[in-house]
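Student: Chain by chain, the residues:
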Amino acid sequence: MEKKSIEQLESVASQVRRDILRMVHAVQSGHPGASLGCTEFFVALYFDQLNHDSNFKMEGKGEDLFFLSNGHISPVWYSVLSRSGYFSPEEMDTFRKLNSRLQGHPATEEGLPGIRIASGSLGQGMSVAIGAAQAKKIDGDGSTVYVLMGDGEQEEGQVWEAAMYAAHWKVDNLIATIDLNRQQIDGPTAEIMDLIDLRAKYESFGWEVIDTLQGNDMKSVVEGLEKAKSLSGKGKPVMNLLHTEMGFGVDFMVGTHKWHGIAPSDEQLANALGQLPETIGDF
Amino acid sequence: MEKTLDLKFNYTEKKDTRSGFGDGLLEAGRKNPNVVGLCADLIGSLKMGAFQKEFPERFFQTGIAEANMMGIAAGMTINGKIPFTGTFANFSTGRVYDQIRQSIAYSGKNVKICASHAGLTLGEDGATHQILEDVGMMKMLPHMTVINPCDYNQTKAATIAIAEYEGPVYLRFGRPSWPIFTDPAQKFEIGKAWKMIEGTDVTIFATGHLVWEAVVAEAILRSEGISAEVINIHTIKPLDEEAILDSVAKTGCAVTAEEHQYNGGLGDSVAQTLARHNPAPVEYVGVNDSFGESGTPTELLEKYGLNAANIVAAAKKVLARK
Ligand SMILES: Cc1ncc(C[n+]2csc(CCOP(=O)(O)OP(=O)(O)O)c2C)c(N)n1
Ligand SMILES: [Mg+2]
Numbered sequence: 001m002e003k004k005s006i007e008q009l010e011s012v013a014s015q016v017r018r019d020i021l022r023m024v025h026a027v028q029s030g031h032p033g034a035s036l037g038c039t040e041f042f043v044a045l046y047f048d049q050l051n052h053d054s055n056f057k058m059e060g061k062g063e064d065l066f067f068l069s070n071g072h073i074s075p076v077w078y079s080v081l082s083r084s085g086y087f088s089p090e091e092m093d094t095f096r097k098l099n100s101r102l103q104g105h106p107a108t109e110e111g112l113p114g115i116r117i118a119s120g121s122l123g124q125g126m127s128v129a130i131g132a133a134q135a136k137k138i139d140g141d142g143s144t145v146y147v148l149m150g151d152g153e154q155e156e157g158q159v160w161e162a163a164m165y166a167a168h169w170k171v172d173n174l175i176a177t178i179d180l181n182r183q184q185i186d187g188p189t190a191e192i193m194d195l196i197d198l199r200a201k202y203e204s205f206g207w208e209v210i211d212t213l214q215g216n217d218m219k220s221v222v223e224g225l226e227k228a229k230s231l232s233g234k235g236k237p238v239m240n241l242l243h244t245e246m247g248f249g250v251d252f253m254v255g256t257h258k259w260h261g262i263a264p265s266d267e268q269l270a271n272a273l274g275q276l277p278e279t280i281g282d283f
Numbered sequence: 001m002e003k004t005l006d007l008k009f010n011y012t013e014k015k016d017t018r019s020g021f022g023d024g025l026l027e028a029g030r031k032n033p034n035v036v037g038l039c040a041d042l043i044g045s046l047k048m049g050a051f052q053k054e055f056p057e058r059f060f061q062t063g064i065a066e067a068n069m070m071g072i073a074a075g076m077t078i079n080g081k082i083p084f085t086g087t088f089a090n091f092s093t094g095r096v097y098d099q100i101r102q103s104i105a106y107s108g109k110n111v112k113i114c115a116s117h118a119g120l121t122l123g124e125d126g127a128t129h130q131i132l133e134d135v136g137m138m139k140m141l142p143h144m145t146v147i148n149p150c151d152y153n154q155t156k157a158a159t160i161a162i163a164e165y166e167g168p169v170y171l172r173f174g175r176p177s178w179p180i181f182t183d184p185a186q187k188f189e190i191g192k193a194w195k196m197i198e199g200t201d202v203t204i205f206a207t208g209h210l211v212w213e214a215v216v217a218e219a220i221l222r223s224e225g226i227s228a229e230v231i232n233i234h235t236i237k238p239l240d241e242e243a244i245l246d247s248v249a250k251t252g253c254a255v256t257a258e259e260h261q262y263n264g265g266l267g268d269s270v271a272q273t274l275a276r277h278n279p280a281p282v283e284y285v286g287v288n289d290s291f292g293e294s295g296t297p298t299e300l301l302e303k304y305g306l307n308a309a310n311i312v313a314a315a316k317k318v319l320a321r322k
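Protein sequence lines, in the order shown, are assigned to chains A and B.
First residue of the first sequence? That's 1 in UniProt numbering, and the numbers climb one at a time after it.
First residue of the second sequence? That's 1 in UniProt numbering, and the numbers climb one at a time after it.
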């Protein structure tokens, strides 16, 4: 794939946001908030950073792999997968409907191209990503494994079992990202279960940690991922703390947990789409 | 279809069973200062907000950390507290099975594990969240009581009743809006099956949301000249074996109906009871060894064979085997 400019990536992101909102609206269910907040990350990953093949093979030998641990933000992943050629954008019309490959949470059962493990029950994805990264090391495959988690998800104990393991086994072909939107279902993380200082936590677990302070600015996100890449392969797993705003791109959704898992009404959808130019073409 | 049928039970209102839990918990909290609530970042979904608001000093948000929540709950019982844990059924059971097994069941702790969004009818979230194995897992644990009420009123009554019972309980309920057809003033008796409709040809043992489907199926069968007995098995463990054996002694065959896998569910419990005491043909209405998927509750019940029409078909099939 030809390298895209920041402007081109931003233009893709606008379409991805439309896709997210239209999917969730059509079935009146799903999780728009963090999907919108992570749009720059997904677009930068799939359209710029990842060495991947949309002619999907489960083994992904010689390819970079991505795992989504916070599976509820499936809309952004489905949009980016289809927009990068894994399946036809029309299929987004089936999201969360009966007999669809686009399940509420990502699944392998129906064989959707691009998905390598089911997720949705939080806290499990990083362990899987570490396993996949180690399998690559065993094979001498020099590609990188990426995983995205939520910040609320950090409250699950398994995340810390995985964090300890990755440093112990020097899984330095792993780049983990946390969607640091400071929100979870019941409210702000600081009120629900204070994460206090994730940088200090991961550093003390033996990780290399970077902050991407503007997780909704395409240039910063790309630079963050490049920096993370440059730090990999040096004996430590890499953590990218991605500071985002939940609901970014839609003025009435931004910065609150209220849109974690709520669908917009007809009116709200029209309002939201008015803020996001159709760039590639709606499905 | 339902409108033209002569139903033995009717409803004017629908509500989710999880709201019955939330309202029951509030009442249990008012009755007994030892009742404590815990929730893992799903206060809204579990309808625990009213309890949290009225008793902030007795409510603990654990964050998304279900295993920790089970341990905390077990610890609180040691000083006489009666903890009610709240999360989805999947994260109330499979996710934390060993924590429940060791710290709650084996240790005989008075924890009430309250589980919403059980079964297929949570709908669009899909199979990662639609647990269909939880009754089996929980009933296999020694000391554990397993309850799956059928509507808002019964869920509320059950919630209040388990606060007054000493011992670990798994209380299973759901997300969808569902007919309210039982008495709001009912007294819930743990372990006591409820014969809702008398019949002579076949017994339908139903639990949870599918009790309503069984009520509809009975009317359909009656309109075709088949007399079905409907028994509400809200408590799957301890099982009311006497009620099961008495009914099947009369009807000679049974259909079981539940929002759960065949394996490990109510069907297995009924079949085991009959096999040991009075072998009789049984047909299962349930999910046959598959995961669920995204869809609306009605679509899913149809696709996976769990609605009134399936109960009718199973009744005819089992009658032919008598
Ligand atoms: C094990 C588990 N427990 C609970 C849930 C329900 N749940 C889904 S998303 C969510 C909040 C996640 O917070 P965060 O990771 O910050 O994601 P965000 O809300 O920012 O999208 C919860 C509690 C779940 N999916 N899995
Ligand atoms: Mg968050």
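Mixed in with the good hints there might be a few duds.
Said to hold, decoys possible - Using 20 angstroms as the maximum straight-line C-alpha spacing, the simulated EDC-like pairs for lysine to aspartate or glutamate come out as follows:
| hint | chain 1 | residue 1 | chain 2 | residue 2 |
| --- | --- | --- | --- | --- |
| 1 | B | Lys-53 | A | Glu-191 |
| 2 | B | Lys-81 | B | Glu-198 |
| 3 | B | Lys-303 | A | Glu-90 |
| 4 | B | Lys-303 | A | Glu-203 |
| 5 | A | Lys-234 | A | Glu-203 |
| 6 | A | Lys-97 | B | Glu-166 |
| 7 | A | Lys-97 | B | Glu-299 |
By construction, these hints were calculated from the structure, which means they are not laboratory data.
Student: So, for every hint listed, does it hold in this structure?
Tutor: Against the structure, the hints:
no. : hint                  : result
1   : B/Lys-53 / A/Glu-191  : holds (15 angstroms)
2   : B/Lys-81 / B/Glu-198  : violated (41 angstroms)
3   : B/Lys-303 / A/Glu-90  : violated (24 angstroms)
4   : B/Lys-303 / A/Glu-203 : violated (49 angstroms)
5   : A/Lys-234 / A/Glu-203 : holds (15 angstroms)
6   : A/Lys-97 / B/Glu-166  : violated (43 angstroms)
7   : A/Lys-97 / B/Glu-299  : holds (10 angstroms)
Checked against the numbered hints listed earlier, the structure breaks hints 2, 3, 4, 6; every other hint is satisfied.
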